[in-house]
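S.K.: Residue strings, one per chain:
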Amino acid sequence: QKEVEQNSGPLSVPEGAIASLNCTYSDRGSQSFFWYRQYSGKSPELIMFIYSNGDKEDGRFTAQLNKASQYVSLLIRDSQPSDSATYLCAGSSNQFYFGTGTSLTVIP
Amino acid sequence: GAGVSQSPSNKVTEKGKDVELRCDPISGHTALYWYRQRLGQGLEFLIYFQGNSAPDKSGLPSDRFSAERTGESVSTLTIQRTQQEDSAVYLCASSLGLAGGQYFGPGTRLTVL
Chain A
1 QKEVEQNSGP LSVPEGAIAS LNCTYSDRGS QSFFWYRQYS GKSPELIMFI YSNGDKEDGR
61 FTAQLNKASQ YVSLLIRDSQ PSDSATYLCA GSSNQFYFGT GTSLTVIP
Chain B
1 GAGVSQSPSN KVTEKGKDVE LRCDPISGHT ALYWYRQRLG QGLEFLIYFQ GNSAPDKSGL
61 PSDRFSAERT GESVSTLTIQ RTQQEDSAVY LCASSLGLAG GQYFGPGTRL TVL
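Going line by line, the protein sequences match chains A and B.
Heads up: the first sequence begins at 1 in the working numbering, then just goes up one per residue.
Heads up: the second sequence begins at 1 in the working numbering, then just goes up one per residue.
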């Protein structure tokens, strides 16, 4: 059973701080990883994907992948109250699988 | 460009009735997925299509649930003899291929009275 594990939280950070969201995965054959943001009452929105070891930056978001440790993370710099949402980690090899999500609250 | 669309956005039905939910994927996306999300819960995988075929139906909760896809485009999810526990948001997503990122539609909120 391919799966990803996420701390369900809730994670609270003050506005302007760095929020760190973490995910571990079980399938070493997984090649691609994705981060989704889901606001309450809305559908998930793809915000980042990463295929290679290392860091990938997009604006205030940085995705990190460590295939040796089977670890994926998402860093949100200068967190804003509008970043408050549930963040879902997902992986894919020959099938796609989602984690259960981490709830993030950014406190003004 | 057009994203994934779903209809209806809301559906209220009586227990025992059949419902049909529709998904229009992004044009050119060969993979299409259906998920269920109950209030406050995570995504529950139901079924996916690669083209018009459904290699993995393992997530369908019971034989009351079925889905089809025609022309590598529109998909319908049918729930027969609805039960109150079927109440949830049903989400559709599509991707270029099985390994690609999925793009979600706005969902259909189903309420079974």
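In case anyone wonders, no lab produced these hints; they're calculated from the structure.
Keep in mind that a hint or two might mislead.
[Stated by the list, open to error] With a cut-off of at most 25 Å between alpha-carbon atoms, the simulated DMTMM-like pairs for lysine to aspartate or glutamate come out as follows: (1) Lys57/B / Asp78/A; (2) Lys57/B / Asp55/A; (3) Lys17/B / Glu44/B; (4) Lys42/A / Asp24/B; (5) Lys11/B / Asp63/B; (6) Lys11/B / Glu68/B; (7) Lys57/B / Asp24/B; (8) Lys42/A / Glu44/B; (9) Lys42/A / Asp55/A; (10) Lys42/A / Asp27/A; (11) Lys57/B / Glu57/A; (12) Lys56/A / Glu85/B; (13) Lys42/A / Glu3/A; (14) Lys17/B / Asp63/B; (15) Lys56/A / Glu5/A; (16) Lys11/B / Asp83/A; (17) Lys17/B / Glu72/B; (18) Lys42/A / Asp78/A; (19) Lys15/B / Glu72/B; (20) Lys42/A / Asp63/B; (21) Lys15/B / Glu44/B.
Remember, it's a predicted structure, so these values are computed and weren't measured experimentally.
S.K.: Of all the hints given earlier, name the ones this structure violates by number, lowest first.
M.R.: 1, 2, 9, 10, 11, 12, 16, 17, 19 and 20
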